[in-house]
Amino acid sequence: MNISPTEAEESLAAIQAMVQKTRRSISSSGAYLFLIIWGCIWLVGFMGSQFLPAPINGWLWLVLDTIGGVLSAIVGIRMGQQVRSTTHNHSGKRIGAFWLLLFLYCIAAITVAWPVDGKQASMFIILFVMVGWLAMSLLYSFTPVWVGLAFTGISLVGYFLLPEYFYLWMAILGGGGLIALGLYIRYRW
Amino acid sequence: MAELNETIHQPVRLRIMAALVTLSPGDEVEFTYLRQLLDVTDGNLGAHLRKLEEATYITLNKVFVDRKPRTFVSATLRGRAVFAEHVKALEEILKSKK
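As they're listed, the protein sequences go chains A and W.
If you want this note's numbering, it's the 1-based position in the first sequence plus 2.
If you want this note's numbering, it's the 1-based position in the second sequence plus 90.
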């Protein structure tokens, strides 16, 4: 079989375009949606923590977390219907169990440290989420390690250096950062 | 010197293989989703998948999900190897031009 260099070039371009389209559409479909969903929740939730009174803010977080959990489940189920992994089925269940246990450990840690104020409780949750993020990065390469470390650093800087504006800091840099990362994966990856 | 593969070189089959090898080995994609990704008709995609399956470059896994028949498609190890060689052959042709 013989083809011209022009045809070879066109074929390689078609392959490259398809690989990129597949990555965006399939490989990154879950990652970017999870990041945008939880970025929006952090943005709205931490804005509420900064500007709303405590009782309303507690309910706001409860509603937002419920919405986030439901949307994440829908995205996860949709992803499973489009792409199935015959080798990672057990990993999926282990990942789910890991996040559930991490959540329970986080509640246990907050309970042990009680009484804690809102900022301390938020920082506990952020640190536990970041531990989960780093575990996913190091074990499964789902997300870059440096992003998890950067978020942790940003959160600690806000907590220790800008306590008055901690929630606002987390809303813009934490929530906004997650949304920006999600959009970056969607359109540039 | 790497060799071109006539079965894979057909434009739709080339794009099918490019999409499938992008997935991790062992991952399989649903037929309807692949059709949307490639922007082809059911019949067209089905015909090309049969050709690739006959060549043992892909496997079609027909299952029932919620009592509905679903077909999942994945590249075989042989399919991945042949596709990689095809890409290498294309690159060699391009290099020989320069």
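Read the hints as simulated data drawn from the structure, not as lab findings.
Every residue gets a Cβ at the ideal spot worked out from N, C-alpha and C, and that includes glycine.
It is possible that some hints are incorrect.
As the list claims (entries may be wrong) - Pair by pair, the computed Cβ-Cβ distance ranges are:
#, chain 1, residue 1, chain 2, residue 2, range
1, W, Arg168, A, Tyr186, 53 to 59 Å
2, A, Pro57, W, Thr131, 17 to 23 Å
3, A, Leu170, W, Arg160, 44 to 50 Å
4, A, Ala16, W, Asp132, 17 to 23 Å
5, A, Arg25, W, Val153, 46 to 52 Å
6, W, Glu181, A, Tyr107, 39 to 45 Å
7, A, Arg26, W, Met91, 32 to 38 Å
8, W, Gly133, A, Thr8, 27 to 33 Å
Right, here's what the structure says about each hint:
Roughly 36 Å separates the CB atoms of W/Arg168 and A/Tyr186, a value that falls outside the hinted 53 to 59 Å. Range check, A/Pro57 to W/Thr131: Cβ separation about 57 Å, and the 17 to 23 Å hint is violated. One distance hint, 44 to 50 Å for the beta-carbon pair A/Leu170 and W/Arg160, holds here, with the actual separation near 47 Å. The hinted range of 17 to 23 Å is satisfied by A/Ala16 and W/Asp132, whose Cβ atoms lie roughly 22 Å apart.
A hinted range of 46 to 52 Å is violated for the C-beta pair A/Arg25 and W/Val153, which are about 25 Å apart. W/Glu181 and A/Tyr107 have their C-beta atoms about 50 Å apart, which leaves the hinted 39 to 45 Å range violated. Separated by about 34 Å at the C-beta atoms, A/Arg26 and W/Met91 satisfy the suggested range of 32 to 38 Å. The supplied range of 27 to 33 Å is met by W/Gly133 and A/Thr8, whose beta-carbon atoms lie about 30 Å from each other.
Checked against the numbered hints above, the structure violates hints 1, 2, 5, 6; every other hint is satisfied.
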